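Chemist: Here's the letter readout for the chains.
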Amino acid sequence: MTNVLFDVPGPKSRVRHRIYAVIGILVVVALIAFVVYSFAQSGQFTSQKWAWLEYSQVQSDLVNAIVATLEAFALGAVFALIFGAVFAAGRLSEHKWVRRISTFIVEFFRAIPLLILMFLFYFGLPTLGVDTSPLFAVVLGLTLYNGSVLAEVFRAGINSLPKGQSEAAYALGMRKTQVMFTVLLPQAIRAMLPTIISQLVVLLKDTALGFLVTYPELLYYARYIGSQGVFGRPIVPSTLVAAGIYIVLCLLLTALATWVEKRNRRSKKHIETTDNKAEQAMLGNAAGGGFVGGA
Amino acid sequence: MDVLLDNLDLFGPFFLRTIELFLIAAVGSLVFGTILAMLRVSPVPVFRAVGTVYVTVVRNTPLTLVFAFFVFAYPLLEIVKIDYFTAAVVSLTVYTSAFICEVVRSGINTVPVGQAEAGRALGLTFGQILGEVVLPQALRSVVPPLISTLIALLKNSTIAGGFSVAEAGAIRQYISERGDNQLVALLWVALGFIILVAVLSFVQRSLEKRWSVAR
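If you read the protein sequences in the order shown, they are chains B and C. First residue of the first sequence: 1, per full-length UniProt numbering; consecutive thereafter. First residue of the second sequence: 1, per full-length UniProt numbering; consecutive thereafter.
Source of the hints: derived by calculation from the structure; they are not laboratory data. Source: prediction; values computed, not measured. Misleading hints may appear alongside valid ones.
As the list claims (entries may be wrong) - Keeping only pairs whose Cα atoms sit at most 25 Å apart, straight-line, the calculated SDA-like set for lysine to any residue is:
hint: 1; chain 1: B; residue 1: Lys262; chain 2: C; residue 2: Asn109
hint: 2; chain 1: B; residue 1: Lys12; chain 2: C; residue 2: Leu122
hint: 3; chain 1: C; residue 1: Lys81; chain 2: B; residue 2: Ala30
hint: 4; chain 1: B; residue 1: Lys12; chain 2: C; residue 2: Ala49
hint: 5; chain 1: B; residue 1: Lys262; chain 2: C; residue 2: Thr110
hint: 6; chain 1: C; residue 1: Lys81; chain 2: B; residue 2: Leu161
hint: 7; chain 1: B; residue 1: Lys262; chain 2: C; residue 2: Ser106
hint: 8; chain 1: C; residue 1: Lys81; chain 2: B; residue 2: Lys12
hint: 9; chain 1: B; residue 1: Lys12; chain 2: C; residue 2: Val133
hint: 10; chain 1: B; residue 1: Lys96; chain 2: B; residue 2: Tyr37
hint: 11; chain 1: C; residue 1: Lys81; chain 2: B; residue 2: Arg233
To be verified - For the chain C half of the interface with chain B, some residues (derived, Cβ under 7 Å), not all of them:
hint: 12; residue: Phe47
hint: 13; residue: Ala68
hint: 14; residue: Ala121
hint: 15; residue: Leu124
A virtual CB, placed ideally from N, CA and C, is assigned to each residue, including glycine.
Here chain B stands alone, though its shape is the one from the complex:
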């Protein structure tokens, strides 16, 4: 916090803050105790409900489910990055029609809920006689939605680059495509890497939507295990385990983003972009869709 809303507390306020702290801790502890108590009361902590974690078959199935989640994530991430780069370049094109089409596509896919997109590809396409699979629907949905968001991120990154970069490249006699793909985009990606990675966290979380189109990923498996009578229907434990795994995966990605940002700042190749401008451009352009959100 650079912004300090309160003075350094004096002796009196220190005492008061300590009282607040005690009350705060009591309230939090009471809440947690209540939740744990209701868990225990309804038998969620009995060994039978957690026994499933000890079976090697379940463990390997759980690993498979995580792999399926990561597979959807990896495919979605790669395609979304490509989609984003192409349409960011499209929106910055000098040809009006390319710009218009790119803008339309990007705004279109940002306005439609991701789940509806996945439904379209999973339930909709077969009515046209096109074969689909859950993985195909999930990856295509992730690509189109997150790719559109990434396109805006790339565009903001390119707009934040100093004008001299493209001017110098043109002065060297480069063509427009060369300027875009060899000079501007690499620098924009570097500058926007932390934002790009946080969008990838959103993408990772969105793979859980695959559950609703029967893609056998982590949440789907948690639900499956939770419905098994053999283990006493451990839906609470399995949901908690799945949540833990998702949180760890996302935090790992976030840690990567922080690390990249620090490394970027030290790097000699780093050029001072007008960061503020990039951020403002992003906030302003977020109109069509949820930059900050994602499911």
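Keeping the supplied structure of chain B fixed, place chain C upon it in accordance with the hints.
Modeler: Then chain C, alone, in the frame of chain B:
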């Protein structure tokens, strides 16, 4: 067009349900998210820690999983019985509040320190400074990202359809039971959302113009 006209009895109420879900969850998350943001800037370290842990955990959990918890697991705990619609409202509010909190907090950071200092010089308490000086200015400056978060909330409300709430995300299922074309139905649903998002974007732009603070 036929799919829409033949099933108007579905589209109408279901989209109204979506809007209802959105409005309730939006008010809930705005209130709860602002409280969280106040916790995160408070002078008491314990309050700050509580806010930080909440935001970190919730922001890294998929919304679908939050839904799964409140629909499948929560009823087993036998605390207070809630129906599917309430479960959806709770899930959306719990999830969106974390994002609202971060937006409001970034808004608080845009308010010059001098404002709080002047408040302190006048002898205002922390609560007064936050409630009467800082937050009103902060909220005005974050209208665009705040509404973007609400747009995300609107789109996320479709997930409720996957968990037995009769809203727009569930139209497809009913259409397929009636034997109509699902693809066309889904395209109509998509169009409905494009219109709703456009309305919110319009609100965003007009509020931005009216409320933008000259600094």
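Chemist: Confirm or reject each hint.
Modeler: Going through the hints against the structure:
no.	hint	in the structure
1	B/Lys262 x C/Asn109	holds (22 Å)
2	B/Lys12 x C/Leu122	holds (19 Å)
3	C/Lys81 x B/Ala30	holds (21 Å)
4	B/Lys12 x C/Ala49	holds (22 Å)
5	B/Lys262 x C/Thr110	holds (23 Å)
6	C/Lys81 x B/Leu161	violated (55 Å)
7	B/Lys262 x C/Ser106	holds (21 Å)
8	C/Lys81 x B/Lys12	violated (45 Å)
9	B/Lys12 x C/Val133	holds (24 Å)
10	B/Lys96 x B/Tyr37	violated (63 Å)
11	C/Lys81 x B/Arg233	holds (19 Å)
12	Phe47	holds (6 Å)
13	Ala68	holds (6 Å)
14	Ala121	violated (10 Å)
15	Leu124	violated (11 Å)
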